[in-house]
Amino acid sequence: AQKITQTQPGMFVQEKEAVTLDCTYDTSDQSYGLFWYKQPSSGEMIFLIYQGSYDEQNATEGRYSLNFQKARKSANLVISASQLGDSAMYFCAMREATGNTGNQFYFGTGTSLTVIP
Amino acid sequence: DVKVTQSSRYLVKRTGEKVFLECVQDMDHENMFWYRQDPGLGLRLIYFSYDVKMKEKGDIPEGYSVSREKKERFSLILESASTNQTSMYLCASRTGGISNQPQHFGDGTRLSIL
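Taken in order, these protein sequences are the chains called D and S.
When you line the first sequence up against this note's numbering, it's residues 7 to 123, in that order.
When you line the second sequence up against this note's numbering, it's residues 29 to 142, in that order.
Worth flagging that the hints you see were computed from the coordinates, not collected in a lab.
Among the clues, some could well be false.
Stated by the list, open to error - Once the Cα atoms are required to be at most 30 Å apart in a straight line, the calculated BS3-like pairs of lysine-lysine come out as: (1) S:Lys41 with D:Lys9; (2) S:Lys41 with D:Lys22; (3) S:Lys85 with D:Lys9.
As the list claims (entries may be wrong) - Estimated spans, in silico, between C-beta atoms of each pair: (4) S:Glu100 with D:Thr13: 35 to 41 Å; (5) S:Lys85 with D:Ser86: 39 to 45 Å; (6) S:Asp54 with D:Leu90: 28 to 34 Å; (7) S:Arg138 with D:Asp35: 20 to 26 Å; (8) D:Lys22 with S:Thr111: 30 to 36 Å; (9) D:Gly68 with S:Lys46: 28 to 34 Å; (10) S:Lys99 with D:Thr120: 25 to 31 Å; (11) D:Asn64 with S:Glu97: 38 to 44 Å; (12) D:Asn64 with S:Lys46: 32 to 38 Å; (13) S:Asp79 with D:Ser47: 42 to 48 Å; (14) S:Ser108 with D:Lys22: 51 to 57 Å; (15) S:Arg138 with D:Ser37: 34 to 40 Å.
Computed from a predicted structure; not experimentally measured.
C-beta: ideal position from N, C-alpha, C; glycine also.
Construct the complete structure from the given sequences, taking the supplied hints into account.
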């Protein structure tokens, strides 16, 4: 079974509008973390936002917020007031605590976001 | 700022060659990772290392090996390159322990096997 599922291969949004990118996850751990990364066409992976499994408040970072619904195992990224520079691939990732190593990361297949002027 | 440096941005090799991809980080991170990224498949973990000389297989280790002799350097080795290993390879590092710290990525190596 997929650990991270992103069901939207591509999304379009009008400039200045808000957009939600979906992410669902699968884990039996109580302690885990969820991350969102942005990958522009240049290729670098840029960390956007983090949500811990025990965090009661939804994470926010500037125009990015995370809609965390623990019971539904979803961690959707909301981008408000979209800008042309937001056009990129977006990846959802999960960190699980595993045995001695303490860190195992799983990535989704990504969502390609295009912002339309 | 954390800097993760991959030795090559683009690399072209021939089938059967032994290929080395090098990754260096400058933040004394315990954990280092190698991923390959293919369209429609996202990032898939090849190997990771949680300390010097320690390594764990990821989801797709076949055809690859790794070396971590020093904390700052994590090398990915393609023992005998094949065309199905043509891909983008991403290295990442992260501080150890269970925390909210993200992975920091290098710029990637686009590897073509002819």
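Each hint, compared with the structure:
no.: 1; hint: S:Lys41 with D:Lys9; in the structure: violated, 33 Å
no.: 2; hint: S:Lys41 with D:Lys22; in the structure: violated, 45 Å
no.: 3; hint: S:Lys85 with D:Lys9; in the structure: holds, 17 Å
no.: 4; hint: S:Glu100 with D:Thr13: 35 to 41 Å; in the structure: holds, 38 Å
no.: 5; hint: S:Lys85 with D:Ser86: 39 to 45 Å; in the structure: holds, 40 Å
no.: 6; hint: S:Asp54 with D:Leu90: 28 to 34 Å; in the structure: holds, 33 Å
no.: 7; hint: S:Arg138 with D:Asp35: 20 to 26 Å; in the structure: violated, 34 Å
no.: 8; hint: D:Lys22 with S:Thr111: 30 to 36 Å; in the structure: violated, 45 Å
no.: 9; hint: D:Gly68 with S:Lys46: 28 to 34 Å; in the structure: violated, 45 Å
no.: 10; hint: S:Lys99 with D:Thr120: 25 to 31 Å; in the structure: violated, 40 Å
no.: 11; hint: D:Asn64 with S:Glu97: 38 to 44 Å; in the structure: holds, 42 Å
no.: 12; hint: D:Asn64 with S:Lys46: 32 to 38 Å; in the structure: violated, 48 Å
no.: 13; hint: S:Asp79 with D:Ser47: 42 to 48 Å; in the structure: violated, 35 Å
no.: 14; hint: S:Ser108 with D:Lys22: 51 to 57 Å; in the structure: holds, 52 Å
no.: 15; hint: S:Arg138 with D:Ser37: 34 to 40 Å; in the structure: holds, 36 Å
Checked against the numbered hints above, the structure violates hints 1, 2, 7, 8, 9, 10, 12 and 13; every other hint is satisfied.
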